[in-house]
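Student: Those protein sequence lines, which keep their order, are chains Y and X. The first sequence begins at 48 in my numbering and counts up by one. The second sequence begins at 644 in my numbering and counts up by one.
Only true hints are included.
Incomplete in silico selection of chain Y near chain X, CB under 8 Å:
hint, residue
1, Ser79
2, Phe81
3, Glu90
4, Pro91
5, Leu93
6, Ser96
7, Leu134
8, Tyr138
9, Gly143
10, Lys144
11, Ser145
12, Phe147
13, Gly148
What the hints contain is simulated information worked out from the structure, not anything from laboratory work. For glycine and all other residues, C-beta sits at the position ideal for the given N, C-alpha and C.
So you can see what is in the structure, the chains are spelled out below.
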Amino acid sequence: RKEVEQDPGPFNVPEGATVAFNCTYSNSASQSFFWYRQDCRKEPKLLMSVYSSGNEDGRFTAQLNRASQYISLLIRDSKLSDSATYLCVAYGANAGKSTFGDGTTLTVKP
Amino acid sequence: NAGVTQTPKFQVLKTGQSMTLQCAQDMNHNSMYWYRQDPGMGLRLIYYSASEGTTDKGEVPNGYNVSRLNKREFSLRLESAAPSQTSVYFCASTDTGELFFGEGSRLTVL
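Chain Y extracted, bound-state conformation (with noise of 0.2 Å):
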């Protein structure tokens, strides 16, 4: 099993709508918890970091629960320049790792 797992994908969805990306991680130790943004095997980039109160940022919204290992990603309003990559971490500060999760594509069309 993969230590950070994520949906599959891909995700086509009309511009204006609402989509939510989910990851799991198995290593209960991970401290810190990211979600990057990737286009077109370009370095990925930091989307948002991850609080365990939940946080959001303008539409996009990020939700932790380490009960559950679980974490979410949730966007509003999409727009076509959304259309990327998106790629869950886990950081574990002990271990010094970051781990990613495969990603799930998302394709925003007009």
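Fit chain X to the given chain Y structure using the hints.
Tutor: Chain X in isolation, oriented as in the chain Y frame:
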């Protein structure tokens, strides 16, 4: 604002040749990483260095060696390249779990 710099950006090798991918960061980060990404897949950890002077194997270390030359630099060496090592290689660094990536090195082994 250099951040993380990787060289070379592109390389074509013949099977059996050796080469070293260089990575340097100017953010005084303790942890550095090498990932590979194959088409349609997520990032897989090859090796990482949680601090200067230490290196650890990741998920796919076979066929690679690394050197944490100093706090700034973390190199990845392919001693005898194989076609299966054709991939995009990303170097990253962090102190908090938020990863900062280089632009990637696209390696083709013929």
